[in-house]
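> For the protein sequence lines, the chains are C and B, in the order given.
For the first sequence, the working numbering begins at 1 and goes up steadily by one.
For the second sequence, the working numbering begins at 1 and goes up steadily by one.
Careful: at least some of the hints might be erroneous.
[What the hints assert, rightly or not] DEER-style ranges, computed between Cβ atoms:
(1) C/S70 - B/A17: 48 to 56 Å
(2) B/I83 - C/T53: 39 to 47 Å
(3) B/N68 - C/Y10: 40 to 48 Å
(4) B/F14 - C/A2: 35 to 43 Å
(5) C/T53 - B/N68: 33 to 41 Å
(6) B/A17 - C/Q54: 43 to 51 Å
(7) B/F14 - C/T53: 46 to 54 Å
(8) B/S70 - C/P39: 29 to 37 Å
(9) C/Q17 - B/S52: 41 to 49 Å
(10) C/T5 - B/I83: 24 to 32 Å
(11) C/E52 - B/P12: 43 to 51 Å
(12) B/Q2 - C/R9: 25 to 33 Å
[Stated by the list, open to error] Result set (DSS-like, lysine-lysine): computed pairs, CA atoms no more than 25 Å apart in a straight line:
(13) C/K1 - B/K58
(14) B/K69 - B/K49
(15) B/K49 - C/K57
(16) B/K49 - C/K1
(17) B/K58 - B/K69
Honestly, the hints are just simulated from the structure, not real lab data.
The beta-carbon is built from N, C-alpha and C at its ideal position, and this holds for glycine as well.
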Amino acid sequence: KAGVTQTPRYLIKTRGQQVTLSCSPISGHRSVSWYQQTPGQGLQFLFEYFSETQRNKGNFPGRFSGRQFSNSRSEMNVSTLELGDSALYLCASSLAGTSRNSPLHFGNGTRLTVT
Amino acid sequence: AQSVTQLDSQVPVFEEAPVELRCNYSSSVSVYLFWYVQYPNQGLQLLLKYLSGSTLVKGINGFEAEFNKSQTSFHLRKPSVHISDTAEYFCAGGMDSSYKLIFGSGTRLLVRP
Chain C
1 KAGVTQTPRY LIKTRGQQVT LSCSPISGHR SVSWYQQTPG QGLQFLFEYF
51 SETQRNKGNF PGRFSGRQFS NSRSEMNVST LELGDSALYL CASSLAGTSR
101 NSPLHFGNGT RLTVT
Chain B
1 AQSVTQLDSQ VPVFEEAPVE LRCNYSSSVS VYLFWYVQYP NQGLQLLLKY
51 LSGSTLVKGI NGFEAEFNKS QTSFHLRKPS VHISDTAEYF CAGGMDSSYK
101 LIFGSGTRLL VRP
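Construct the complete structure from the given sequences, taking the supplied hints into account.
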């Protein structure tokens, strides 16, 4: 079974631009979560989607948004990029949302560099 | 507030020696706990999970962890490490219906020959 696929692997953008990251979950998984990983803040939860509905959102500004499609694929968008948005963005999928019976399976991430 | 604390940012150890990576959690995230490993330029891979029942949990690659409710700890152990175990290890916890994990800050395990 194929794992979680994130594209692209690397991105370089300029301040003020916007970016869209893509995530394809494991087949059969209906929940997709996004996390931001930085050296200073560690791993922080962005949001979680299940059946195209956002069920939880982390403490990030409105510039960070996401969506999920009917095939469970998800995209994350960051508008008006700032230098501090440079990070590894990790997507994770699970059967029904992270819980005791549904651990997260992570992709290899998209490394975003904002210059 | 929910929190997971990893007490050591880096743990150096010689090959074939035992190792323990420490993790403490706040009671609000004690519903279930995980350990993940991250190799360079990769995502996180699940090592093991504690849901309920036996307090000693066995995972992949010879790792195990012990859940201790009285000490609110979930330490990761391996009796004999290999060079290939060099990586960053994350402890994480969550609660049902929150749909998110709270991660510790990570511990870098450095195995030396």
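> So which of those numbered hints doesn't the model satisfy?
none
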